[in-house]
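**Q** For the sequence shown, this note's numbering gives the first residue as 1, with consecutive numbering after it.
Just to be clear, a hint being listed does not mean it is correct.
Said to hold, decoys possible - Estimated spans, in silico, between C-beta atoms of each pair: (1) Ala-165 x Asp-73: 18 to 28 Å; (2) Gly-12 x Pro-63: 21 to 31 Å; (3) Arg-88 x Ser-29: 25 to 35 Å; (4) Ala-165 x Thr-3: 12 to 22 Å; (5) Leu-61 x Gly-164: 17 to 27 Å; (6) Thr-147 x Arg-174: 16 to 26 Å; (7) Asn-59 x Val-163: 15 to 25 Å.
Honestly, the hints are just simulated from the structure, not real lab data. These numbers come from a predicted model, not from an experiment. Note that beta-carbon positions come from the ideal geometry of N, C-alpha and C, so glycine has one too.
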Amino acid sequence: METDHAAAELLGLDTTELLAFFATLPAPSIEEMDGEYTARLLAQPGVFASVTGRGTVSNPLAPWLCKAFRPVDGETGRGYNTFSQFGRVRQRYAMDTLIAPSRFDGRPAYTLIYRAYASACGAINMVDEVRRAAPGVYLGIGTWGFTARQRRVPLPFLLTGPVGAYRGDIGAARRGFTPGPRELPGRKAAAQ
1 METDHAAAEL LGLDTTELLA FFATLPAPSI EEMDGEYTAR LLAQPGVFAS VTGRGTVSNP
61 LAPWLCKAFR PVDGETGRGY NTFSQFGRVR QRYAMDTLIA PSRFDGRPAY TLIYRAYASA
121 CGAINMVDEV RRAAPGVYLG IGTWGFTARQ RRVPLPFLLT GPVGAYRGDI GAARRGFTPG
181 PRELPGRKAA AQ
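Whole structure, please, built from the sequences with the hints as guidance.
**A** See below:
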């Protein structure tokens, strides 16, 4: 019941409250994030973010179902998103995962880096940060954009689970890719 209560509380917060709460939460470990986690958008920071977010993940032709992760080693992991498309589950948008300083507060966050793979999410510089709100409940803050200013707009989402097993790795890795300041600006802030 704690899971349901924690998730319901997050659904009742606005973006400013979600970002303030995110700053109080711990990062889950790489090992903790293993399996598929039901996903849904939370309150978005404005009309543009609400419309684009809902248009991409609440599309009735291909609704967003979950994010999934697996540990690779003690410091990194892999993941993907799943969508339902014409009644079939489809994996999309591969990512690498690691624990890194948050772009919002410099504290550790479970960080999803999509640019490590060739995909639409990688092309728009999407990075998600995740922290544990309660056992089995995770608050995520997504970002995307082509400028540093665009990548500071917080796009909150909720993960609950795990609800299923990791289905398998997907995606074509970008040769020689190493996350830099575009993906991990918090690294620079944490070092200062």
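**Q** Determine for every hint whether it applies to the structure shown.
**A** Here is what the structure says about each hint:
1. Ala-165 x Asp-73: 18 to 28 Å: holds, 19 Å
2. Gly-12 x Pro-63: 21 to 31 Å: holds, 22 Å
3. Arg-88 x Ser-29: 25 to 35 Å: Given about 32 Å between the Cβ atoms, the range holds.
4. Ala-165 x Thr-3: 12 to 22 Å: With Cβ atoms ~19 Å apart, the hint holds.
5. Leu-61 x Gly-164: 17 to 27 Å: holds, 22 Å
6. Thr-147 x Arg-174: 16 to 26 Å: This hint holds: roughly 21 Å between Cβ atoms.
7. Asn-59 x Val-163: 15 to 25 Å: Holds - the Cβ-Cβ distance for Asn-59 and Val-163, about 21 Å, lies within 15 to 25 Å.
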